[in-house]
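So you can see what is in the structure, the chains are spelled out below.
Protein chains: 2
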Amino acid sequence: MVPLALIQNLSEQTPSKILFLVLDGLGGMPHPEVGKSELEMARIPNLDRFAGLSICGATDPIAPGITPGSGPSHLALFGYNPIKYDIGRGVLSALGIDFPIESNDVCFRANFATVDKRGDISDRRAGRLATEVNRELCALLRHIHLPEVEVFVETESGHRALVVFRGEGLSDYVTDTDPQRAGVPPLAAEPTHEDAAPMAQIVNGFLSEAALVLQGQDPANALLLRGAAGLPAIPTMPQIYKLTPGAIATYPMYRGLAKLVGMEVLETGDTIWDEFETLQQDWDDYDFFYFHVKATDTAGEDGDFNKKVQVLEEIDSLIPALLRLQPDVFVITGDHSSPSALSGHSWHPVPFALYSNTCISDSVSEFTERTLVQGSLGRFPAQDAMQLAMGHAQKLAKYGA
Amino acid sequence: MVPLALIQNLSEQTPSKILFLVLDGLGGMPHPEVGKSELEMARIPNLDRFAGLSICGATDPIAPGITPGSGPSHLALFGYNPIKYDIGRGVLSALGIDFPIESNDVCFRANFATVDKRGDISDRRAGRLATEVNRELCALLRHIHLPEVEVFVETESGHRALVVFRGEGLSDYVTDTDPQRAGVPPLAAEPTHEDAAPMAQIVNGFLSEAALVLQGQDPANALLLRGAAGLPAIPTMPQIYKLTPGAIATYPMYRGLAKLVGMEVLETGDTIWDEFETLQQDWDDYDFFYFHVKATDTAGEDGDFNKKVQVLEEIDSLIPALLRLQPDVFVITGDHSSPSALSGHSWHPVPFALYSNTCISDSVSEFTERTLVQGSLGRFPAQDAMQLAMGHAQKLAKYGA
Numbered sequence: 006m007v008p009l010a011l012i013q014n015l016s017e018q019t020p021s022k023i024l025f026l027v028l029d030g031l032g033g034m035p036h037p038e039v040g041k042s043e044l045e046m047a048r049i050p051n052l053d054r055f056a057g058l059s060i061c062g063a064t065d066p067i068a069p070g071i072t073p074g075s076g077p078s079h080l081a082l083f084g085y086n087p088i089k090y091d092i093g094r095g096v097l098s099a100l101g102i103d104f105p106i107e108s109n110d111v112c113f114r115a116n117f118a119t120v121d122k123r124g125d126i127s128d129r130r131a132g133r134l135a136t137e138v139n140r141e142l143c144a145l146l147r148h149i150h151l152p153e154v155e156v157f158v159e160t161e162s163g164h165r166a167l168v169v170f171r172g173e174g175l176s177d178y179v180t181d182t183d184p185q186r187a188g189v190p191p192l193a194a195e196p197t198h199e200d201a202a203p204m205a206q207i208v209n210g211f212l213s214e215a216a217l218v219l220q221g222q223d224p225a226n227a228l229l230l231r232g233a234a235g236l237p238a239i240p241t242m243p244q245i246y247k248l249t250p251g252a253i254a255t256y257p258m259y260r261g262l263a264k265l266v267g268m269e270v271l272e273t274g275d276t277i278w279d280e281f282e283t284l285q286q287d288w289d290d291y292d293f294f295y296f297h298v299k300a301t302d303t304a305g306e307d308g309d310f311n312k313k314v315q316v317l318e319e320i321d322s323l324i325p326a327l328l329r330l331q332p333d334v335f336v337i338t339g340d341h342s343s344p345s346a347l348s349g350h351s352w353h354p355v356p357f358a359l360y361s362n363t364c365i366s367d368s369v370s371e372f373t374e375r376t377l378v379q380g381s382l383g384r385f386p387a388q389d390a391m392q393l394a395m396g397h398a399q400k401l402a403k404y405g406a
Numbered sequence: 006m007v008p009l010a011l012i013q014n015l016s017e018q019t020p021s022k023i024l025f026l027v028l029d030g031l032g033g034m035p036h037p038e039v040g041k042s043e044l045e046m047a048r049i050p051n052l053d054r055f056a057g058l059s060i061c062g063a064t065d066p067i068a069p070g071i072t073p074g075s076g077p078s079h080l081a082l083f084g085y086n087p088i089k090y091d092i093g094r095g096v097l098s099a100l101g102i103d104f105p106i107e108s109n110d111v112c113f114r115a116n117f118a119t120v121d122k123r124g125d126i127s128d129r130r131a132g133r134l135a136t137e138v139n140r141e142l143c144a145l146l147r148h149i150h151l152p153e154v155e156v157f158v159e160t161e162s163g164h165r166a167l168v169v170f171r172g173e174g175l176s177d178y179v180t181d182t183d184p185q186r187a188g189v190p191p192l193a194a195e196p197t198h199e200d201a202a203p204m205a206q207i208v209n210g211f212l213s214e215a216a217l218v219l220q221g222q223d224p225a226n227a228l229l230l231r232g233a234a235g236l237p238a239i240p241t242m243p244q245i246y247k248l249t250p251g252a253i254a255t256y257p258m259y260r261g262l263a264k265l266v267g268m269e270v271l272e273t274g275d276t277i278w279d280e281f282e283t284l285q286q287d288w289d290d291y292d293f294f295y296f297h298v299k300a301t302d303t304a305g306e307d308g309d310f311n312k313k314v315q316v317l318e319e320i321d322s323l324i325p326a327l328l329r330l331q332p333d334v335f336v337i338t339g340d341h342s343s344p345s346a347l348s349g350h351s352w353h354p355v356p357f358a359l360y361s362n363t364c365i366s367d368s369v370s371e372f373t374e375r376t377l378v379q380g381s382l383g384r385f386p387a388q389d390a391m392q393l394a395m396g397h398a399q400k401l402a403k404y405g406a
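If you read the protein sequences in the order shown, they are chains A and B.
If you use the working numbering, the first sequence corresponds to residues 6 to 406, in order.
If you use the working numbering, the second sequence corresponds to residues 6 to 406, in order.
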């Protein structure tokens, strides 16, 4: 893989525009009853035509066989090494609820849990608490005040919450207090670096107070913390690619990720047509657009084959409008696969097609898992997608004389 | 390539079973007279059908253009970086004759050689000595006794032998005494690390004694040592993949390699049907099987095109029985290519097919060098095969949230 520093050296600002249409969880699998995947079943003439004009392939977001979470799979798509640039669990939780993280914050993913009389954990998820109860408990926990450190306690959903520490001299080099199993007591946070001893004390001090606040609550009488993380030191897309990137996404986590890599996050509505409206309106102001569609993944994760087919057909109807904007480079792909047959993310390679008037089109004429991978790109690392787009947009200078 | 530490973090023990059928030296080349490779000539309807159900490709064991030995090519197939995990020549010799290496042993490959009156080497292989004479000489050399160090001298075949030093404070940081050419005297062993000075003395002391023992022998009047090596520090497959792996192989070197990576080596007979019997019998006790077939390589190395075709047809008849065991993931590949047209190992990519009910099958319908590489895996590093199998067996947790 080429180092980002080299890409940064070669990148040039030009008027050409790149559009990444990222269909979350795009890749599917044959449905056992019909023997066809969602893409093979869907009527998607515009996507098929698009494949015919494009260079086609299938990406490995992380590496063959590895199922990615949305964080690393998006980083790969934006050209970052998803193993080197590891976004901590706490930060993903914060991004997921649009929490405005500041540069020295330390974020934790928190679970409301149940402990028995002896202090052992009997349920790590407090009976999968109702979100409403979670909100009430977070409000109580906000009364905790620590000397010289601000603490934010925010509801995610169900038993899931976010705890953020803000102040001077904090550190994310502390261990989880969640032992990840029942029958044992919660752990104390321990420093994993000598400088983090004060931070471990702060965390344990907060948890002692929280135990008092939650005492007598049923079932959520304990709080478990894991995934301590601050904002990663990550070069931004404007720095690397000299782009002015805009992000259009309906879900907080994707907006948060986009912000993390230096995109401007554009206000938009809930449907793909709302998102298109935003794209059209802001078309002149950016030279890179990340256009995220969540519905493909939701249908896949729900195990709803027919719904995923329907969502794909709806997206198909959007393609002509996107083409009319005449992007110089137009990529249609996903961040990972989410076959409805598996009801979740999977390791399968992700359909990919790149259209540009500088591409030598393949002889692929259908937009499916089986056909796209036969294109000239074959199976390739997602991390290459961004530099391929930059090349076709003629935004990369010659390497060497 | 993904670090093994990451794979180790993601690996989970599950009931699913993986079968690797490794046909040694599988890949061939068109025979100049018929214009077809061994696989193209063979009638292998079961393998063809298998390809049709699988994801297909061709692996590079080390890297494009590089011809591998069996040691590194097998390591790659088991997911190890074959350049990082270098198994020394001495250890390969020991594995090859089933010598029970202990953790601090230092092994050397030895050549019986001929030196002239001036002490210069006239033949590095002593006229390719008969194995029987080799055995007699090894018996003589076993009379040498060194203070505080045990020495084992074992016949391989022809002029080839194994010398193993066992004791405290030994080191493999010593140079070869085999100058790799005639017309010069044997070299003295030199330490390549300051701690290895005593070891060099031990080796040179042994060789002085050996020279006395072999004095007057004709033609084998000298011993040359090379490839000093101890057991490599290699994480085992149970450690990395949390598998309980069983190995079925008829040749000592493959059994030795399997043991080195933490497999349990199962007792078996000489034919592929004996091996199948073992597989069937031990099916319930392991979740990964390495099933090695040597005959393909032997035919290739012998330059016997027709024999290799015949062996492939015999293996084909085994496939239905293997499928009836219903492995969750079934890989058919080789460790390297051994075209009979070249009478030896080659750098050609190795036919590969992976079947699982989680795979999106390719449109490949013949099991040959030319057709498999057109599958969705294309040409890829053998080192990815294991994690691909782990993914399809649903034994890898999601990476990142």
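Simulated from the structure, these hints should not be mistaken for lab results.
Owing to the predicted nature of the structure, the values given are computational and were not obtained by experimental measurement.
In this text, a Cβ means the ideal position worked out from N, Cα and C, and glycines have one as well.
Please note: incorrect hints may appear among the correct ones.
Claimed, not checked - DEER-style ranges, computed between Cβ atoms: (1) B:THR19 to A:ARG133: 20 to 30 Å; (2) B:LYS89 to A:VAL218: 44 to 54 Å; (3) A:SER381 to B:THR19: 54 to 64 Å; (4) B:HIS198 to A:LYS89: 52 to 62 Å; (5) A:ALA135 to B:ALA68: 47 to 57 Å; (6) A:ARG171 to B:THR19: 55 to 65 Å; (7) A:SER381 to B:PRO203: 35 to 45 Å; (8) A:VAL7 to B:GLY210: 28 to 38 Å; (9) A:ALA326 to B:GLN244: 47 to 57 Å; (10) B:TRP278 to A:TYR404: 53 to 63 Å; (11) B:THR19 to A:LYS89: 55 to 65 Å; (12) A:SER213 to B:GLN244: 46 to 56 Å.
Unchecked claim - Restricting the straight-line Cα-Cα distance to at most 27 Å, the calculated cross-link-like pairs of lysine-lysine (DSSO-like) are: (13) B:LYS403 to A:LYS89; (14) B:LYS403 to A:LYS312; (15) B:LYS247 to B:LYS264; (16) B:LYS247 to A:LYS89; (17) B:LYS22 to B:LYS247; (18) B:LYS312 to B:LYS22; (19) B:LYS41 to B:LYS247; (20) B:LYS89 to B:LYS264; (21) A:LYS312 to A:LYS89; (22) A:LYS247 to A:LYS264; (23) B:LYS89 to A:LYS89; (24) A:LYS41 to A:LYS247; (25) A:LYS22 to A:LYS312; (26) B:LYS22 to B:LYS403; (27) A:LYS403 to A:LYS122; (28) B:LYS89 to B:LYS247; (29) A:LYS41 to B:LYS403; (30) A:LYS264 to B:LYS403; (31) B:LYS41 to B:LYS312; (32) B:LYS22 to A:LYS41; (33) A:LYS22 to A:LYS403.
Looking only at beta-carbon atoms, does the pair TRP278 of chain B, TYR404 of chain A fall within the given range of 53 to 63 Å? 57 Å, holds
Straight-line alpha-carbon gap LYS22 of chain A to LYS312 of chain A, limit 27 Å: Cα-Cα ~32 Å, so violated.
Check the hint pairing LYS89 of chain B with LYS264 of chain B against an upper bound of 27 Å on the C-alpha distance. Cα-Cα ~19 Å, so holds.
Could you check the hint for me, namely that VAL7 of chain A and GLY210 of chain B are 28 to 38 Å apart, CB to CB? 53 Å, violated
Does LYS403 of chain B lie within 27 Å of LYS41 of chain A when you go C-alpha to C-alpha? Between LYS41 of chain A and LYS403 of chain B the Cα gap is close to 25 Å, so the pair holds against 27 Å.
Has the hinted range 44 to 54 Å been met by the Cβ atoms of LYS89 of chain B and VAL218 of chain A? 51 Å, holds
CA of LYS22 of chain A to CA of LYS403 of chain A, is that 27 Å or under? Since the Cα atoms of LYS22 of chain A and LYS403 of chain A sit roughly 19 Å apart, the hinted pair holds (cutoff 27 Å).
Is LYS41 of chain B within 27 Å of LYS312 of chain B, Cα to Cα? Holds. LYS41 of chain B to LYS312 of chain B sits at ~15 Å (cutoff 27 Å).
Given the range 47 to 57 Å, decide if the beta-carbon distance of ALA326 of chain A to GLN244 of chain B lies inside it. 53 Å, holds
Hint consistency between LYS403 of chain B and LYS89 of chain A [alpha-carbon to alpha-carbon, up to 27 Å]: Roughly 16 Å between the alpha carbons, so the hint for LYS403 of chain B and LYS89 of chain A holds.
Taking the CB of SER213 of chain A and the CB of GLN244 of chain B, does the distance hold inside 46 to 56 Å? 38 Å, violated
27 Å limit on alpha-carbon distance, applied to hinted pair LYS403 of chain A and LYS122 of chain A: Between LYS403 of chain A and LYS122 of chain A the Cα gap is close to 69 Å, so the pair fails against 27 Å, i.e. violated.
In summary, the numbered hints that this structure violates are 3, 4, 6, 7, 8, 11, 12, 18, 19, 21, 24, 25, 27.
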